[in-house]
Amino acid sequence: MKNTRVIARMDIKGPNLVKGIQFEGLRKIGNPNEFSKKYYEQGIDEIIYIDIVASLYERNNLSDIVSKTTEDIFIPITVGGGIRSIEDVTKLLRCGADKVAINTAALKRPELITEISNRFGSQCMVLSIQAKKIAANKWEAYYDCGREKTGIDVVQWARKGYELGAGEILLTSVDKEGTQAGFDCELIKAVSTIVPIPVIASGGMGDTSDFIEVVKKGKADAVAVGSVLHYDKLGITEIKANAIKEGITIRG
Amino acid sequence: MPKVKIVDYGMGNILSVQRSFEHCGAEVDVVSEAKSILNADYLVLPGVGAFGNAMNELEKLDLIYPIQQFCKKGNPFLGICLGMQMMMDGSEEFGYSKGLGLIPGSVVQIENTTIDNESQKVPHVGWNEILVPHGKDSLLWNNSILNGIEENETMYFVHSYTAKPQEQFRLADSYYGGRRIAAVIKKDHLYGCQFHPEKSGTSGLKIIRNFIEL
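Chains as they are written, first to last, in our numbering: chain A, 1 to 252; chain H, 1001 to 1214.
I should point out that these hints are in silico values taken from the structure, not numbers from a laboratory. Worth double-checking, as some hints may not be accurate.
[Unchecked claim] Listed next, the in silico DSSO-like pairs over lysine-lysine satisfying Cα-Cα at most 30 Å (straight line):
hint, chain 1, residue 1, chain 2, residue 2
1, A, K149, A, K138
2, A, K217, A, K149
3, H, K1003, A, K37
4, A, K132, A, K160
5, A, K2, A, K149
6, H, K1206, A, K245
7, A, K68, H, K1187
8, A, K91, H, K1186
9, A, K2, H, K1060
10, A, K2, H, K1186
11, H, K1003, A, K2
12, A, K37, A, K138
13, H, K1186, A, K38
14, A, K2, H, K1164
15, A, K2, H, K1206
16, H, K1003, A, K91
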């Protein structure tokens, strides 16, 4: 049976777990390792770490956090932010990461998707897309925390990413990110029904009803949850129990 | 302390596998030489990526014959994900590639439609229940690496291809889009897991503990 995944999304700046609203005004939350341990024990299905300022400064600081995570957390770990080369990927996989999420570097050089996919397998290559709504049913791909525009259409980019070898898509709505105002279900649906690979919905989770809506209406294969977990507004058990009640199959 | 050797041929999530075995109380050695494979007590073949590439890497390191020889010794062997698929005779991934031939059967692509002809996502990514294969006795799991695992416990899968072993070698199945996925295969002391026990939380760790107690 197919189970919808609940994924903890952890935005990282330096050594800290942080959270902003639409990627702005980052607030320090705490030690990422302590948070991931807590989520693991509460039954989270996966963890995503994104070095939120890495691309701006052309660096990635996550190796230490990832390496510490995989000492005692035995679920899949995805790492993103500032990854630009096969060498960067190799280093992170050696620290125990299972997948890498690539945004900026893939936009600048799409062949990187194919290189990573050929070398490490498509299951390792998560294409991360920051989408901003520009018109009805139209979204543009952004990078650098939703600050830089590309002129590239999100749905076309997602399809191209799949064709180049991406195994999953992490789709973040810049408009909804951190707002807790619900997902951009139209965006998620527009991509999820076009690409034949799993789509992780990200940005906007505020309540369990948002989760249910983005799975049922948005056709999300997995849902990334940030603020509501970090600020202890919702528990993982609660999110899962409510989804199961609504007929969504999920790992209990 | 059980001594486990993990084969490193440049295509596995070695650190995660190593840490999970250490967490379960094993002493782990990461190896890529024929000699250390042959004298291993427990041997683990991890693997992520493409079948053909992985077999090529094993061949380059001259590890195919030593692994096959190890498996004749009677000691426990565990293939994980691509490592399990490589235990088969061969795979149709990117043309045809020959496998290790430890368990009869082949590896085929997961279909992109369900049994009801609806489109479905490939790779198969996520947590899925494992079940005793239809028509088989649940006692089958006792004294195997699935000892103490309940039917319907979930494990973490991520794969685009699936092994089709001969029926008698299936120890656990999962279902994706209404079709069977060989989740665990077994032939005597040789085991393969399509899912990642090292990434399947406490259920996966239980399987690893069972393996090092074989």
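For each hint, the structure was consulted:
1. A/K149 - A/K138: This hinted pair holds, its Cα atoms lying about 14 Å apart.
2. A/K217 - A/K149: Roughly 28 Å between the alpha carbons, so the hint for A/K217 and A/K149 holds.
3. H/K1003 - A/K37: holds (28 Å)
4. A/K132 - A/K160: Roughly 18 Å between the alpha carbons, so the hint for A/K132 and A/K160 holds.
5. A/K2 - A/K149: violated (35 Å)
6. H/K1206 - A/K245: holds (29 Å)
7. A/K68 - H/K1187: violated (36 Å)
8. A/K91 - H/K1186: violated (34 Å)
9. A/K2 - H/K1060: violated (38 Å)
10. A/K2 - H/K1186: Distance ~24 Å between A/K2 and H/K1186 Cα, so the pair holds.
11. H/K1003 - A/K2: It is violated: about 36 Å lies between the C-alpha atoms, which goes past 30 Å.
12. A/K37 - A/K138: Distance of about 38 Å is beyond 30 Å: violated.
13. H/K1186 - A/K38: Violated - the C-alpha atoms of A/K38 and H/K1186 are around 35 Å apart, more than 30 Å.
14. A/K2 - H/K1164: Since the Cα atoms of A/K2 and H/K1164 sit roughly 20 Å apart, the hinted pair holds (cutoff 30 Å).
15. A/K2 - H/K1206: Answer holds: A/K2 to H/K1206 is near 23 Å, not above 30 Å.
16. H/K1003 - A/K91: Status holds; Cα separation ~27 Å.
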